[in-house]
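Hey, can you work out the whole structure from these sequences and the hints?
Convert by adding 610 to the 1-based position in the sequence shown; the result is the number in the numbering used here.
Some clues are possibly wrong.
[What the hints assert, rightly or not] Straight-line distance between alpha carbons at most 20 angstroms, and here's what the computed SDA-like set of lysine to any residue pairs gives: (1) Lys-718 <-> Gly-647; (2) Lys-669 <-> Gln-705; (3) Lys-731 <-> Leu-639; (4) Lys-731 <-> Glu-694; (5) Lys-695 <-> Gln-625; (6) Lys-646 <-> Lys-664; (7) Lys-695 <-> Ala-709; (8) Lys-731 <-> Lys-646; (9) Lys-664 <-> Val-650; (10) Lys-695 <-> Val-645; (11) Lys-646 <-> His-677; (12) Lys-646 <-> Ile-697; (13) Lys-669 <-> Leu-639; (14) Lys-672 <-> Glu-648; (15) Lys-710 <-> His-698; (16) Lys-731 <-> His-677; (17) Lys-664 <-> Leu-679; (18) Lys-733 <-> Asp-721; (19) Lys-731 <-> Ala-643; (20) Lys-733 <-> Ser-716; (21) Lys-695 <-> Glu-722.
Honestly, the hints are just simulated from the structure, not real lab data. Here the structure is a predicted model, which is why all the values come from computation and not from measurement.
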Amino acid sequence: MSNQKAFGVWLDNHQAVVVGSEQAEGDTLAVLAHVKGELVAPNSSENTSNNQEKTLQGKFFKEISSHLLNATHIHVTGTGQAQEKFIHYLADTPQFKNAKTEDSTSNKMSDERLVEFIEDKLK
611 MSNQKAFGVW LDNHQAVVVG SEQAEGDTLA VLAHVKGELV APNSSENTSN NQEKTLQGKF
671 FKEISSHLLN ATHIHVTGTG QAQEKFIHYL ADTPQFKNAK TEDSTSNKMS DERLVEFIED
731 KLK
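Pasting the structure below:
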């Protein structure tokens, strides 16, 4: 990982774990952040509910990406379609348009196991 800022993210629709180097030039990966998304409040209007969900998802993705400063390689994993939506969000964000992104599907795992999983994926 020389001269690269590589990160890994596990996420579902409401929570994320960000893994990366704690030091600017370190090769050792560690959990950098746990990010929790807000739940959509029940609403009788489907349109309002959908708009609120998109707004909250945007805030959630923005908070996750705030931990990925100067990223050159990002591996995104998780359950369902959340990781695909996050990769599209990154592709549409100028700061990350040149970053290499990869995705995979995985179940929730312990922080230690996630660090090992991301280290293996970023090799």
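request  = Provide an ascending list of the numbers of those earlier hints which the structure does not satisfy.
outcome  = 8, 13, 17, 21
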